[in-house]
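Enquirer: Residue-level listing of the chains:
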Amino acid sequence: MDIVVLSGKGGTGKTTVATNLSKVMSYAYVDCDVEEPNGYIFLKPEQSTEMEVTLKNPVIDSGKCVHCHACVTSCEYNALVGLLDKIMLFEELCHGCGACQLVCKADAMTETERPIGEIRISEGFAMGLLNLKEPMGGPIISDLKEKTNHFKNRFIDAPPGTSCSVVKSVEGSDFAILVTEPTTFGLHDLIKAVELIEMMKIPYGVIINRYDGYSLMDEYLEYKNILCLGNIPFSRKAAKLYSEGSLLIEDDSYKNHFMTIKKNLEDALERRTL
Amino acid sequence: MKVVVISGKGGTGKTTLTSAYAALSKSVTVKVDCDVDASNLHLMFPTKVNHTYKFSGAKVIQVDEKKCMGCKKCVEVCRFGALTFNGGLIIDDLKCEGCGACRWVCKASALSLCKEITGEIMLEEMEKGFLSRAEMISGQEGSGKLVAAVREQADDIGRMNQLLDGSPGVGCSVIASVTGTDYAVVVTEPTQSGIEDMKRVLELIKHFEVKPFVVINKYDLNRKKANDVKKLCLEKNIEVIGEIPFDGLVKEAINQGMPIIHFKESIAGQAIKESFEILKERIGV
Amino acid sequence: MKIVLSSQGNKKESLVDVRFGRCNYFAIYNVDKKSFDFVENTGKESNQGAGIAAAQVVLKLNAEALLTERLGPKAFKVLEASSMTLFKCHGMSLEDAVDRFKKNSLTLIEEPYRN
Chain A
1 MDIVVLSGKG
11 GTGKTTVATN
21 LSKVMSYAYV
31 DCDVEEPNGY
41 IFLKPEQSTE
51 MEVTLKNPVI
61 DSGKCVHCHA
71 CVTSCEYNAL
81 VGLLDKIMLF
91 EELCHGCGAC
101 QLVCKADAMT
111 ETERPIGEIR
121 ISEGFAMGLL
131 NLKEPMGGPI
141 ISDLKEKTNH
151 FKNRFIDAPP
161 GTSCSVVKSV
171 EGSDFAILVT
181 EPTTFGLHDL
191 IKAVELIEMM
201 KIPYGVIINR
211 YDGYSLMDEY
221 LEYKNILCLG
231 NIPFSRKAAK
241 LYSEGSLLIE
251 DDSYKNHFMT
261 IKKNLEDALE
271 RRTL
Chain B
1001 MKVVVISGKG
1011 GTGKTTLTSA
1021 YAALSKSVTV
1031 KVDCDVDASN
1041 LHLMFPTKVN
1051 HTYKFSGAKV
1061 IQVDEKKCMG
1071 CKKCVEVCRF
1081 GALTFNGGLI
1091 IDDLKCEGCG
1101 ACRWVCKASA
1111 LSLCKEITGE
1121 IMLEEMEKGF
1131 LSRAEMISGQ
1141 EGSGKLVAAV
1151 REQADDIGRM
1161 NQLLDGSPGV
1171 GCSVIASVTG
1181 TDYAVVVTEP
1191 TQSGIEDMKR
1201 VLELIKHFEV
1211 KPFVVINKYD
1221 LNRKKANDVK
1231 KLCLEKNIEV
1241 IGEIPFDGLV
1251 KEAINQGMPI
1261 IHFKESIAGQ
1271 AIKESFEILK
1281 ERIGV
Chain C
2001 MKIVLSSQGN
2011 KKESLVDVRF
2021 GRCNYFAIYN
2031 VDKKSFDFVE
2041 NTGKESNQGA
2051 GIAAAQVVLK
2061 LNAEALLTER
2071 LGPKAFKVLE
2081 ASSMTLFKCH
2091 GMSLEDAVDR
2101 FKKNSLTLIE
2111 EPYRN
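One line per chain: the protein sequences are A, B and C, in this order.
Each residue of the first sequence is one higher than the one before, counting from 1 in my numbering.
Each residue of the second sequence is one higher than the one before, counting from 1001 in my numbering.
Each residue of the third sequence is one higher than the one before, counting from 2001 in my numbering.
Possibly wrong hints are sitting among the right ones.
Pairs of lysine to aspartate or glutamate, DMTMM-like flavour, derived with a Cα cap of 25 Å [as the list claims (entries may be wrong)]:
#1 A/K201 - A/D218
#2 C/K2088 - B/D1156
#3 B/K1054 - C/E2045
#4 A/K201 - B/D1093
#5 B/K1095 - A/E91
#6 C/K2102 - C/D2037
#7 A/K237 - B/D1220
Residues from chain B that keep clear of chain C, each with C-beta distances beyond 12 Å, as calculated [said to hold, decoys possible]:
#8 K1026
#9 A1058
#10 K1066
#11 F1085
#12 D1093
#13 K1128
#14 E1196
#15 R1223
#16 K1224
#17 L1232
#18 E1235
#19 I1238
#20 M1258
#21 I1267
Derived, one-sided and incomplete: chain C residues facing chain A with beta-carbon distance under 8 Å [said to hold, decoys possible]:
#22 K2044
#23 S2046
#24 Q2048
#25 I2052
#26 A2053
#27 A2055
#28 L2059
#29 V2078
#30 S2082
Bear in mind the hints are in silico, worked out from the structure with no lab data behind them.
Ideal placement from N, C-alpha and C gives every residue a C-beta, glycine not left out.
Turn these sequences into a full structure, and let the hints steer you where they fit.
Expert: So this is what it looks like as structure tokens:
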């Protein structure tokens, strides 16, 4: 069972929800926010195995190259430039698609693997980390999910937003939890996240974090008939626990909130299979 | 002069700060919302849409089923798992990265790359000046390119001072938001997560030779952590230009769609105003 | 000898385009024949690496010099590696720019553009 946690807007509480729920439900936790991962702060994993993630970049043998520039023309990303005496590669633009190698008639192309980040896996926990200055985290997310397939049940912590990195995190999940906050920003961005999840045809429910009473957010969910899995109330105490890198379930009243969410979630998962 | 507001971690208060600075500033007439995934700055001001246009930041492969011979060579070469064959060729648009590698192995010339609309770009008029922003279509690729296009639209308005609202993270969107700016205001929060994320984004902007300033938002939620932020900044020779207290009125302001500085009694608004004065002095406007 | 200029339009009265990667046209001035030719900048439609694509267009023109204003870091890297001399040109007409080139009163572009 894979449950992905996403939000649209940043900072609504994806990691809070994913880490605390993974504990109460004894699921593995996989941090796909490879640009700014935070799950490890709360789950404090021990002994992890680290693996480099690489991207394939072309290498041109200048001895064999006949300067036809077919590779340059084939590159949709403008990563290759044909100078008079050589082909120049802009690594950061290369998507590793291999198109240039398919068109080379001089057999002058090989590939090299360039490191773009790493993944770390331990017992019931995994995360990815993108090297700074690298633009694309997608390949790391795909690798991370592939290499954690052995976990029976996973909570997948997605990055903020609704772009391609989020799509890669969400792909193949059985259920999605959308975390939002009761503000106009939260609502505006939730609508986009709902759009994405419905496009991907994944059943979902919403959790309202930093809840402080009935608001336009509740109205919206009722109006759209969207499943609400529960609320996590705002309090300075919760903010303090979070800021220290502690799980909210260390506090009894928050533990109860998460147990309620767990029950609602389990009910929703069961209904799903009917 | 271009000032970008970023954070590393999401939800620290970039848009709250940017909207306040925009309202306080007399010289910045061009505002740029670079958070194309979650564009929120326009919700803080009354604006009128001047014009909007659709942006194509990616391509997808399409197949002419009549020509397809079913040899499946394209499926073999696709490195992104976007192609499967089941009676006919099935293309997963969300997985297709528009590289066109499959075209080169198709003997039937059945495959072609087509531009995909990935977002919509808007130029909006405000009481003072303009707002350049975009909304990315959910699930699309190329947010960095959309950010670049939003910035180009802003540049085309003319040689004016710009204030940019960035997005969370350190990837292509943030790189596109930060490159070519002069100063960055990094908004952080006094939490372990906020500190770790701030370290990464500071490292990134060092590479782009953008001078950073730091603002600690909701500092009183954990004074000890706020102190940790200050110590870290001291070590890195980065000035903390503001410590904003937690203030329930900020949420009120967001829900009313108004910059916090319009609430005269707001303690956060007061602190943000002070940070703005310091910023102005440091950058010389 | 030929020199290339980034151009807003495809007439000799056009102004030099301050942008390189996304300029509309490249003007090719033949110094011996004293005439202008124009090609479209096909690179400008690129989603990414427009500067690189534009640089590729320019390289194929086999000119000795390029006159433009804003050369981004990637385009700069490409052109620096070529044999072309790069000159800076602020807001003026193509004819003025050519005139200044002939009088040797233009400054070299020695680093990528930063506003």
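Enquirer: Going back to the hint list, which numbers does this structure go against?
Expert: 9, 22
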